[in-house]
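With the working numbering applied, the sequence shown covers 1 to 343.
Worth double-checking, as some hints may not be accurate.
[Stated by the list, open to error] In silico lysine to aspartate or glutamate, EDC-like type, Cα no more than 16 Å apart, as pairs:
| hint | residue 1 | residue 2 |
| --- | --- | --- |
| 1 | Lys272 | Glu324 |
| 2 | Lys313 | Glu223 |
| 3 | Lys204 | Asp189 |
| 4 | Lys313 | Asp160 |
| 5 | Lys129 | Asp177 |
| 6 | Lys285 | Asp336 |
| 7 | Lys285 | Glu324 |
If you are wondering where the hints come from, they were derived from the structure by calculation, not from laboratory data.
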Amino acid sequence: RMLSRFERFSRFKRIRTTMTTSFSNSPYFHYLLHFLLLSPTISTWAFSTASKAALTATSDIAVIGVGVLGTSLCRQLLDDEAFSSRIVTGITKSSCRHDDIRSQFSKDDRFVLTTMEELISQYSGHTFKDVVFCAPPSGFENYAQAVKDAAAQLWSGPSDGGTFVFTSSGGVYEGIDGEIVNEESATIDPEENPRQGRIVYAEKEVIESGGCVLRLAGLYTLERGAHNYWLEKCPDGVAGREDGIVNLLHYDDAASACAAALRVGAAVTARKTFLISDGNPTTRKGICESALQSKRYSDFSMPTFLGPAHGLKGKVYDGTKSNEILNWKATYISFDEFMSSMS
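Sequences and hints are given; from them, build the entire structure.
See the structure below:
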């Protein structure tokens, strides 16, 4: 039924009041705002009339956290024919990187960039069909509650056929001494390991809400990752044994796994946990050896590994089942191959 302007305004006012109250009454939602906080000023051109209309009416994929992973995901969604009719909204901590982020999208009119505060201030009752939460735990006092609030307030839920994807970490697994772990393997005790525990608690909220969890291996690009830190910033040596196992995943492949989860949809992913890696685990020394092959790190030297030699080796990820369910595979099949291509 076509609504009159008054009816539309009344409905908007009623929904917005309910939404604002719901947001403000959440005892922990201010932690989400703390991370996704808008600066007092914002470029007037950033939200044209068309962008605002898209933001409040038709933006049906939200990516919370537009860092390296989130930016890659937004780019892939916009380039993917499967999402060609969808508008992608990136939600950031602040507007300070907006110019840089926008420059990577050639002013694509299907890409909207905003902050959580701006999103709430313009709220019109619209929720997003699909949401990807890829903001890291840093900046949240209660990460699990922030994730729960995002699922409850921004996502339309699995009943509408949409998907909520939470990017977690394989670091939550308990296996640490060479064991093979998969999607069903035991995780650490969150009380004994509070740092990883906050991710375990966040996963629990996502599964209960009907979303899905993607446990990612260690992420890297040419300039980012363990190799960069060890070679450039550890002159006194690297903690851990040189043959300690490390599972890796390129940022672009992590993003493509998120897109794959959205593509197969909630009927496949709802309340499930997936394990995502390139399937070719290496070692601390192997990482450095591979990086030294590249032109970027050719002037560096192999660092000293401080051990101890009898320390725990780590774990091997087996994400075969996840790859099959999501119909996904890594483009960069190993860290060594990637670095060899950079020589």
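Checking each numbered hint in turn, tell me which of them this model violates, lowest number first.
Checked against the structure, the hints that fail are numbers 2, 4, 5 and 7, while the rest are satisfied.
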